[in-house]
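A.B. asks: Going line by line, the protein sequences match chains V and A.
All residue numbers for the first sequence refer to this note's numbering, where the first residue is 43 and numbers rise by one.
All residue numbers for the second sequence refer to this note's numbering, where the first residue is 131 and numbers rise by one.
Each statement offered as a hint is correct.
Computed Cβ-Cβ distance ranges for the label pairs, DEER-style: (1) V:G51 to A:P416: 19 to 29 angstroms; (2) A:R234 to V:E83: 16 to 26 angstroms; (3) V:A67 to A:L453: 37 to 47 angstroms; (4) A:G159 to V:E100: 39 to 49 angstroms; (5) V:D80 to A:G238: 25 to 35 angstroms; (6) A:G370 to V:D80: 25 to 35 angstroms.
Read the hints as simulated data drawn from the structure, not as lab findings.
Fair warning: this is a prediction, and the values are worked out from it, not measured in the lab.
Where a beta carbon is used, it is the ideal one built from N, C-alpha and C, also for glycine.
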Amino acid sequence: MEIKVCGPGCASCEKTEKIVVAAVAAKGVEATISKVTDFQEIAQLGIFSTPAVIIDGEVKCVGNVPKQADVEAWLSQ
Amino acid sequence: METAKSCVDDDEYLAGSGRSKKITGKQVGLGLLGLGIWYTVYKQLLPFSYFFSYNLLGLEKGSHMGEAIQFFVYDSPKVMMLLTLIVFVVGMIRSFFTQERTRRFLAGKREAGGNVMAALLGIVTPFCSCSAVPLFIGFVQAAVPLGVTFSFLIAAPMVNEIAVILLYGLLGWKVAAIYLGTGLAIAMIAGWVIGRLKLEHLIEDWVQELRAGEAVVVEEELGWPDRIDRGKEAVRDIVGKVWIYVLAGIGVGALIHGYVPEDFMASVMGKDAWWSVPVAVVVGIPMYSNAAGIVPVVEALLGKGAALGTVLAFMMSVIALSLPEMVILRKVLKPKLIAVFIGVVGSGILFTGFLFNLII
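Pulled out of the complex, with its shape left as it was, chain A reads as follows (with noise of 0.2 angstroms):
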């Protein structure tokens, strides 16, 4: 579950700010300037990091020393920079987006294609896990279906930017692309095979007959300036929290590739150990981590010959499955529809496993 949505520096909200809505000539240039310095900088990180650690510091190639400091010097500013872009980039796109307009969207739509479409919002609408329980009423209100509701609580927190580009960053697009891919669909399918189970009798009873208010709607007319700082914010908050997960996950995954042996995690998470998926399945639930912290520790096990579908599953198993989470839907969920969700997406997630152990 994405722990961040919350907001930007006290200062920058004190202040206020006189808003105009349109861009200017000269924020467009600034902007593509800074991509460019960005690009400039990025491309020098790896032969940076060579030298830095075979010339500068006089480390042997190959050493188990001079292999782990060259793996940090690199991966920590490379993911860093990723990371700050595309969360700026993301933050100005969810500011398209709002619970309100998904859940007028979604509003009535019928199952497998209500689905799909939800799954999909649950990417770019901004979420944190202490407004599920709000939006779940809401969609519940709006007449949601519920098997389309779920689909949209399974992505939102799964199929997040911030682990897709850490994905992208240390293990590159394959395995990026397919941890979207089955996150999706994991969505789609867990979602429609609730909705199919005709569950609606364990929404707590409080939920059903919650005669609400007309829900609010107040409009904000942003403007592209507003979208940047939406933007800027996005990264102060995200990055702000995130950066200690990202450094101390690549420092483990820079001890593991230096000083691991090659196959060491094969025998216990390797392709033939099946057993292997259950067990991180299992593992995964008590333990809560955003996605920034455990994409490191992933990386550092594949590294060292854990097959990708164990991996996988361990870390979707970790991020969509958390135990604050299930707390929280608890107010509005009767037990027996958190365990039919716990075994609906950890099914998805076991399928998911065993499928790209036996296929790659």
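Looking at chain V on its own, in the form it has when it is part of the complex (with noise of 0.2 angstroms):
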């Protein structure tokens, strides 16, 4: 599984890492955390508020710091 955390680094957008790295190990699902940092790359993945969460692809939330129990749903799917 690849998880992508989209935010230019502010307190929000580590907040959300730190909910989706507790998140995988809670599940104990095998995937690879990667943080986009870029605006650029932020903008072509079609992301224009922060932070945002990406699973395999799929964008599952923008603008807002997901609960973890959320995303803990969303890596069950």
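Need the complex rebuilt from these two chains, each delivered in its own frame; the hints are there to steer you.
C.D. replies: The following block contains the structure:
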């Protein structure tokens, strides 16, 4: 599973990354988590507000910090 | 620029939640009860501050020490209570607005009307400085006119609930209304002027050439319990961050209140010193503070004979024209456009300063 967390590196973005890491650990799934911080790259993904979470190419949330329960649900899909 | 829009405690998020969409009668009852208690306590703050300073501590009425302590004991809980209530309510209101919805709404809007809508949406749309760049790119991609985009970018940090409520709490509703009104007017007019100047070529080339993907929108379904959660998150996040500035600001205010002579600032920042308005604007640009930190200082200056226009100009310059935001925007704007932005907004602030020094 490939997870991308998009955000320039502000508090919300870092929190989002932490939540994603915790959710992956809790579910025990195999996943590579990467951060996308470049504005150009973020825009090319069609994302215009941050933070955003993309799992295997599918954008799961844009513009707000997700709850861990939600992230875990996305991981189970 | 507003610093805080991040999020809540780790625990809250990490715990997650089973959510229902309906609000229960019990929750409404608790809310009303809370509001009642809030109001009762709020009403007791002034008598308590007198009792505390003059009876309990036995300080002399009218003495420097007495005045300063009474001011601090009254103002700090008052401002914190107002702040908590309003941030909660605004946090709930914001859950109805997202940047995606605002962008879709503004896409293809004409100038003038678009500028007005953008400035108003700037108040209620969740916004933080670090999302300014993606937001800007999104607006350009969605063909929101440049001037309309600027109206939004000016209003979002400058006209915010924290500034308005602190002005109301410390200086009364008139000053708060003047700030709100002129802040919106500057955002609308400055955005309109920038639109008229036809500066689209001063957006960085890569933004223009960018073939961005289709905007991805993930609609959340929020129920009332979620909105209440958003309100609580906003309180924890914003009040948790700014309380220290508020107390420090009121502390400084208290000292000035008690110890600095009444007309101390009149010669430097008074009405007759016309040059003080441009100086206030220029001094304000490199200074960076959130609204919470600056308002108590503003209160102290006003109380000591500084003119309202000068002080408003100073406050707006500190909040609306900030160096860190310019640095962030430089990624998408050429230096010339940033200069125009500072020039146009600065002129609007100057005009506001002179106007209120003239009429009040």
